[in-house]
Amino acid sequence: MPKDSGIGASPKRREDIRFLTGVGNYTDDINRPGQAYMHVLRSDMAHARIKNIDTAAAMAMPGVIHIFTGDDFEAIGGIPCGWQVTDRFGEVMKEPKHPVLAHGKVRHVGDPICAIVAETLAEARDAAEAIELDLEELPAVINMADALESGSATVHDELGDNLCYDWGFVEENKEAVDEAIKNAAHVTTVELINNRLVPNPMEARVAIGEYDRAGDMSTLYTTSQNPHVIRLLMGAFVLGIPEHKLRVVAPDVGGGFGSKIYHYAEEALCTFAAKTLKRPVKWVSTRTEAFMSDAHARDHVTKIELALDADNNFTAVRTNTLANMGAYLSTFAPSIPTWLHGTLMAGNYKTPLVYVNVRAVFTNTVPVDAYRGAGRPEATYQLERVIDKAARELGVDPFELRRQNFVTEFPYQTPVAVEYDSGDFHRLVDKLEKSADFGGFAARRAESEKKGLLRGLGVNCFIEACGIAPSNLVGQLGARAGLYESATVRVNATGGIVVMTGSHSHGQGHETVFPQVISEMIGIDESMVEIVHGDTANTPMGMGTYGSRSIAVGGPAMVRATEKIINKAKKIAAHLMEASEADIELKDGAFSVAGTDKSVAWGDVTLAAYVPHNYPLEDIEPGLEETAFYDPANFTYPAGAYACEVEVDPDTGKVTIAKFTTADDFGNVVNPMIVEGQVHGGLTQGIGQALMENAAYDENGQLLSASYMDYAMPRAADVPNFTVDHTNGTPCTHNPLGVKGCGEAGAIGSTPTVVNAVLDAMYSGGHKVDHIDMPVSPSRVWAAMQKG
Amino acid sequence: MTKVTMTVNGKEMSGDVEGRTLLSGFLRDDLGLTGTHIGCDTSQCGACVVHVNGVAVKSCAMFASEADGAEISTIEGQANADGSLNVIQQAFQDHHGLQCGFCTPGMVMSAAALLKENPKPTEQEVRDYLEGNICRCTGYHNIVKSIMAASGQDVGAIAAE
Numbered sequence: 037m038p039k040d041s042g043i044g045a046s047p048k049r050r051e052d053i054r055f056l057t058g059v060g061n062y063t064d065d066i067n068r069p070g071q072a073y074m075h076v077l078r079s080d081m082a083h084a085r086i087k088n089i090d091t092a093a094a095m096a097m098p099g100v101i102h103i104f105t106g107d108d109f110e111a112i113g114g115i116p117c118g119w120q121v122t123d124r125f126g127e128v129m130k131e132p133k134h135p136v137l138a139h140g141k142v143r144h145v146g147d148p149i150c151a152i153v154a155e156t157l158a159e160a161r162d163a164a165e166a167i168e169l170d171l172e173e174l175p176a177v178i179n180m181a182d183a184l185e186s187g188s189a190t191v192h193d194e195l196g197d198n199l200c201y202d203w204g205f206v207e208e209n210k211e212a213v214d215e216a217i218k219n220a221a222h223v224t225t226v227e228l229i230n231n232r233l234v235p236n237p238m239e240a241r242v243a244i245g246e247y248d249r250a251g252d253m254s255t256l257y258t259t260s261q262n263p264h265v266i267r268l269l270m271g272a273f274v275l276g277i278p279e280h281k282l283r284v285v286a287p288d289v290g291g292g293f294g295s296k297i298y299h300y301a302e303e304a305l306c307t308f309a310a311k312t313l314k315r316p317v318k319w320v321s322t323r324t325e326a327f328m329s330d331a332h333a334r335d336h337v338t339k340i341e342l343a344l345d346a347d348n349n350f351t352a353v354r355t356n357t358l359a360n361m362g363a364y365l366s367t368f369a370p371s372i373p374t375w376l377h378g379t380l381m382a383g384n385y386k387t388p389l390v391y392v393n394v395r396a397v398f399t400n401t402v403p404v405d406a407y408r409g410a411g412r413p414e415a416t417y418q419l420e421r422v423i424d425k426a427a428r429e430l431g432v433d434p435f436e437l438r439r440q441n442f443v444t445e446f447p448y449q450t451p452v453a454v455e456y457d458s459g460d461f462h463r464l465v466d467k468l469e470k471s472a473d474f475g476g477f478a479a480r481r482a483e484s485e486k487k488g489l490l491r492g493l494g495v496n497c498f499i500e501a502c503g504i505a506p507s508n509l510v511g512q513l514g515a516r517a518g519l520y521e522s523a524t525v526r527v528n529a530t531g532g533i534v535v536m537t538g539s540h541s542h543g544q545g546h547e548t549v550f551p552q553v554i555s556e557m558i559g560i561d562e563s564m565v566e567i568v569h570g571d572t573a574n575t576p577m578g579m580g581t582y583g584s585r586s587i588a589v590g591g592p593a594m595v596r597a598t599e600k601i602i603n604k605a606k607k608i609a610a611h612l613m614e615a616s617e618a619d620i621e622l623k624d625g626a627f628s629v630a631g632t633d634k635s636v637a638w639g640d641v642t643l644a645a646y647v648p649h650n651y652p653l654e655d656i657e658p659g660l661e662e663t664a665f666y667d668p669a670n671f672t673y674p675a676g677a678y679a680c681e682v683e684v685d686p687d688t689g690k691v692t693i694a695k696f697t698t699a700d701d702f703g704n705v706v707n708p709m710i711v712e713g714q715v716h717g718g719l720t721q722g723i724g725q726a727l728m729e730n731a732a733y734d735e736n737g738q739l740l741s742a743s744y745m746d747y748a749m750p751r752a753a754d755v756p757n758f759t760v761d762h763t764n765g766t767p768c769t770h771n772p773l774g775v776k777g778c779g780e781a782g783a784i785g786s787t788p789t790v791v792n793a794v795l796d797a798m799y800s801g802g803h804k805v806d807h808i809d810m811p812v813s814p815s816r817v818w819a820a821m822q823k824g
Numbered sequence: 664m665t666k667v668t669m670t671v672n673g674k675e676m677s678g679d680v681e682g683r684t685l686l687s688g689f690l691r692d693d694l695g696l697t698g699t700h701i702g703c704d705t706s707q708c709g710a711c712v713v714h715v716n717g718v719a720v721k722s723c724a725m726f727a728s729e730a731d732g733a734e735i736s737t738i739e740g741q742a743n744a745d746g747s748l749n750v751i752q753q754a755f756q757d758h759h760g761l762q763c764g765f766c767t768p769g770m771v772m773s774a775a776a777l778l779k780e781n782p783k784p785t786e787q788e789v790r791d792y793l794e795g796n797i798c799r800c801t802g803y804h805n806i807v808k809s810i811m812a813a814s815g816q817d818v819g820a821i822a823a824e
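Protein sequences, first through last, are from chains U and B.
The numbering of the first sequence is our numbering, which starts it at 37 and goes up by one.
The numbering of the second sequence is our numbering, which starts it at 664 and goes up by one.
Honestly, the hints are just simulated from the structure, not real lab data.
Glycine included, C-beta positions come from ideal geometry on N, C-alpha and C.
Don't take every hint at face value.
[What the hints assert, rightly or not] Covered stretches of chain U (chain B as the covering partner; in silico rule of three or more C-beta atoms under 8 angstroms from a C-beta of chain B):
| hint | stretch |
| --- | --- |
| 1 | 51 to 60 |
| 2 | 319 to 327 |
| 3 | 522 to 532 |
| 4 | 537 to 546 |
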């Protein structure tokens, strides 16, 4: 029987009421008294020297209050990077300055040059037209391989070249890997492109700066996944405002997918402008600005080699990747192709030797950073493509080849630093073979062929490192921040509870899910628990939500704080019942003395804590409020096995997803309904990458796909109903909830599944196509079939 | 500036607008009805769908002055008279048809228009009808399920879990 409350239940989401009735409170819904509007004038050239900016005519335009340029920010900090990678040779990465407004040069289309503040948005936009820019266009650095050629133009002249770092992992294994590949019975190689994406949450970014002269207090309302991170980065590194003089509010946020982790220039601009002009200043991104200024994603060019022995055991994996950083280092950019990618190159397999080389490259493009999955999709895609190709070359079943090489004993120390704590990959495949009805595939293929369509079956197994992250470990790897999470649990006198969490919900449903955990622990109704998040003024310092970390890191913080509450409440209950604390049991919202019929209700204990007339004041303080910071001992390792069936039209190359089935291991699951929704959304983003999404630049650095007319977003008719399963997971062994996190799995596991299915379909039609790059658009599929 | 008057969710509302003011901007900025969302600049995303004289319209694709005298219905006017969720809204909550909530107003308004013209749509008809509404969170699975359920059809059969 499904539960109706607590852990494992699927209560309806309480946040839905406001979203369904139009009374959500997104940042653009906020307007402050006396607010002015900011418009950002952006570069329409990819690379140019700024010779002069003449704002005189624009300043004289109606309604214009002020125009900021790069000169205004020269003396203060640039946008900081939160991660420092050390390269193969022990040198730290090259880290160029990232000015708030372009200074000296513009380095990508969309690079902000001027910020115009006016009484109305229309006046600010009109004034931007009157700014005279004198830009001397320079050769654009777009293609990564070209960028590394000697003599290439340089994005940052002071760096000398366009290489950010040359990273090797595990460098000590390099020779052994080379040797294993040389001596292998079989080596399969794939060279592929992991296409550049734009995350595209439906709510574009918005920022409102406000300054209170009376208290010398700055407030920033912003579309962020992590307001505390923005407060720290912007306050300490950009504007020099200490945390106690800066409040950051991220109210309802309309999706993030990673793109709202980072500190963006517009946040600093609005905060700075508000303080300078003594007025609230609001900026709202248009969608086209979002395409030109939100951090992009993926954009790897990779060669992967898989070595096998004569018995088809994997003996080594070697990869070489060029990773595009774009024009500047976004907040977490350097970590994505390295520590979130290299550490996953063992996948689900006991490959003993792995070597990953990544060269990160500056180009005149929008900065690239984490997007749903972040590094792990790139790792999974190449590994699962090369395994499928190896199976084809060796004439073995692709799932059998995987099964043969699965890690089966846990904990498992991979050769790429991480240690998997739990998992059961065979069970996932067993489940999938049934739920995806592999036995019926031949009949379905025959049916498709009757319609003149080629049907393919693609499979994939994956593992991810989530619950980001153990602070001491990531500190060694270059993180400049801790990655714990926090929660304050405040019990009110009459028993209701407010949880103030450092996690942030922008669609994940924390307001519904977190109370389920508290309800389970105390035995009170979920409606007695309220979740507060998204405001640095009333939440403890926390690192926010990304990397499938809310329930896996934020959840345990809440559990730890609640355990402290329960321990204290037991002391109070023992006092009230004149019993020994050791004998007190908490069940169904009441404290009882073991072996007796003595009992005291939750509400009586909480009241006693605040009205301490009969209270052990000599032993404990009044009140019932506790805070916990939880730093995970390890990453969590969700894993999955996915199957996709596609139909390919041989006449047009059009690919239709006919069937998509998943088997996921998320450990324990708090709310199955929400977990399934997360998987559906991730799958669709991954299918989008595989089939249609692509951020395209021309050779001059013009972004060709800067609106929904040019960048293909998956629509409802592009995806099927999904059959998803997450039952009987293997619990995480090192957090108190046994949870692993579910936010990214769908996006990580789906892309290779789709592409493997498309290749299988083409093979079934006699087209010996070994490789195709994403997006597998009709034109690419059709062209591939003409050749192969 | 031109004065416009329209009936919005049953109440007469008026305001002075510039010629270039879009209906979406008028609803949000002048009337404070911020449930209508703006997710793009090219009339692709559908977060701003409202009903104008009973027809689903992307309110970013219409000038406020064009709506002078019209009957406008927005997400704020969808709940039942007692404040409870209407059938479509309730189906979205029951079937987890929303996550971040940003596309949701447009989805609900489009769904209402669909069910008005086609009370028992097939799954494919629902998917095709939503061509003009982009959701980045749900993968559409539960939106389709919600709309099918709102039409009174058994969704257990169409959407295996």
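Do the hints match the structure? See the list:
1. Requiring three or more residues with a Cβ within less than 8 angstroms of a Cβ of chain B, the coverage given for the stretch 51 to 60 of chain U holds, as 10 such residues are present.
2. Beta-carbon proximity to chain B at under 8 angstroms applies to 3 residues in the stretch 319 to 327 of chain U; the threshold of 3 is reached and the given coverage holds.
3. Here the stretch 522 to 532 of chain U counts 0 residues with a CB under 8 angstroms from a CB of chain B, which misses the bar of 3, and the coverage is violated.
4. Chain B is given as covering the stretch 537 to 546 of chain U, and this holds because 4 residues of the stretch bring a CB closer than 8 angstroms to a CB of that chain, at least three being needed.
The earlier numbered hint that this structure contradicts is number 3, and it is the only one.
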